[in-house]
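Undergrad: Those sequence lines, one after another, are chains A and B. Reminder that position 231 of the first sequence reads as 231 in the numbering used here, one-by-one numbering, no gaps. Reminder that position 119 of the second sequence reads as 119 in the numbering used here, one-by-one numbering, no gaps.
These aren't lab readings, by the way, just hints derived from the structure by calculation. Hints should not be assumed to be uniformly reliable.
Which copy? The list can't say, so a pair holds if one copy fits it or any two copies do.
[Claimed, not checked] Computed list of lysine to aspartate or glutamate pairs in DMTMM-like fashion (alpha-carbon distance at most 25 angstroms, straight line):
1. K337 / E228
2. K176 / E308
3. K25 / E126
4. K13 / D116
As the structure is a prediction and not an experimental result, all values here were calculated from the model.
Number of protein chains: 2
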Amino acid sequence: MFIYLNLFSKMIKNDLVLRAARGEKTERTPVWLMRQAGRVLPEYRATRSRAKGFIDFVKSPDLACEVTIQPVDILGVDAAIIFSDILVIPEAMGLPYQMIESKGPWFERTIKTKADIEQLQIAGEEQLHYVLDAIKLTKTNLNDRVPLIGFAGAPWTIFAYMIEGSGSKTFSQAKKFLYTQPELSHLLLEKITRSTIHYLKAQVKSGADIIQLFDSWAGVLAPEQFYEFSLQYINKISEAIAPLAPVTVFAKDAHYAIGKIAQGGCNTIGLDWTIDPAKARAEAAGKTLQGNADPCLLYADEKTIKKEVEKMLRAFGDTKYIANLGHGLYPDIDKEKVKFFVDCIKSFKY
Amino acid sequence: MFIYLNLFSKMIKNDLVLRAARGEKTERTPVWLMRQAGRVLPEYRATRSRAKGFIDFVKSPDLACEVTIQPVDILGVDAAIIFSDILVIPEAMGLPYQMIESKGPWFERTIKTKADIEQLQIAGEEQLHYVLDAIKLTKTNLNDRVPLIGFAGAPWTIFAYMIEGSGSKTFSQAKKFLYTQPELSHLLLEKITRSTIHYLKAQVKSGADIIQLFDSWAGVLAPEQFYEFSLQYINKISEAIAPLAPVTVFAKDAHYAIGKIAQGGCNTIGLDWTIDPAKARAEAAGKTLQGNADPCLLYADEKTIKKEVEKMLRAFGDTKYIANLGHGLYPDIDKEKVKFFVDCIKSFKY
């Protein structure tokens, strides 16, 4: 067993998420929701309207702190996740981006050559102080009610944006780079990995109690590409961070990789809603599992939500499990339904 | 065994695809490519420039015939697939659409209520004569060199566009309809299924030798939703069409469903590039398999393409297999690389 150096966790009143991540038995199943600090809450939209735009919002520790704590108060979730964006890493390395309304992120410069990669800096605390400030402020204001989750994009997902320059259904340009420039790809992934390790260590030092890596675009890769260009870098990060705080790996749509992810140093594996809980349990070799309700379930009536929640909780079992969705909350979901979903989980008895 | 009523297939010179689909041994592995009649060929772009727009292109049998035959001549593939669009079915049922450059399909009206569903007509030959005319003309001009593949969207995928009104990363509105209006959903899916069966029977009567169902958005569904709202309708179509011509089911990203799809009446199961061939073979209960190279592989150098092709062919084995990509060709792929990929498959010796 690792000895966790983060002393905060010892003082947290509701530490269900941390104990479940460490594989310990919990009195009930803990729950939090991806994108819980998001547009599903009117309170979030009100706070956001005080920022000049998305990037300004992300860079305002007081606003980030406010929306991070909102779902703990309003939804009663068992963890807060720091409000930020995975693309702060490319920006800190030297590739600024804009968030274009209803289109998503857009980079004016992308990575094309070895020189482009060499010009990138390894991100450090100085470029990302605003996230660390937000974590410190949130830690103070949360008052140790629940753990605070820190996060970063997995290196492949960050790489994909740096090459493609925007969102994409296929990320075919990023994949083209993998196929045509494998050595440069590793050079860039290595640099992103080093930046991410610095960043996540600083997050833990600033107060993050648990870390999640989002490999949002794992699903566009073929399995062998995922192992070579994504998972080995995820594992490097897990090895560096897991001695400091539990690490969750969420590789969306990498349905074939659960067993391989479980061989790495993470504590918890996030699952999307296409994954059968029993199959995941069989393949995950004793790791904690997190997920995996379909976000669209929250459009259904309460009876349906309750039935599906109970099925999910029974399928995952009463230990080594953190309830969540299989993806982020969609903005048009009714807040009351989200609260009902959380309450169903919290009141469930095995 | 079914007795195939389509007499055309008996006269086809290169009938490798048909024989593989029926599970018969073939001298070599047959190959065709999804989106082979597409922007990857300069000849396609030249033909397309003669149409007034995408919809006009789809509705011009002479132009559709031309681009359908091009890849047979230029790439040497073992089948032609009729150039058309899956969205001709919603249009024929009463929901016209536009194809907006670099944005995709857009429907001015979508399905919201029971009355909307009741107003839709069951599509018949009269609404879709232009596709049938294109098939007849292609059949004549192909001169029985290779089989002609007909196709349709699977009912769930057509439903998804009819509700959502456009492409979407999540199809959350279409899924919301499944969760909130399950009875109306079945009513609409039933109507789409009836239209699709009429349409595919007419395709076979017009000369299509083999049929593929594209469930392009299977991957957004949770497994139980896929079985209830997609696969049962796919199976109804397979049962109606397989006595007339072999049927291929390609449910993209439904990685968990291969065994269940194999229990239906289709002949061939299409696979995307995240699926392990050995796993698919074990689950597919004797069905023919089709796929599953990553389209981005064709960005690589010839040595890499050859190595990956050989690995794929060995993994699938020498019978009950039709080589293809795991998705459509991307428009910026070099035509010569596509030809090289096809040639590698055609010259491979087990």
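Undergrad: Hint by hint, say whether it matches the structure.
TA: Hints versus structure:
no.	hint	result
1	K337 / E228	between (40 angstroms within a copy, 24 angstroms between copies)
2	K176 / E308	between (40 angstroms within a copy, 15 angstroms between copies)
3	K25 / E126	neither (39 angstroms within a copy, 65 angstroms between copies)
4	K13 / D116	neither (47 angstroms within a copy, 53 angstroms between copies)
Consistency with the previously given hints fails for numbers 3 and 4, ordered from lowest to highest.
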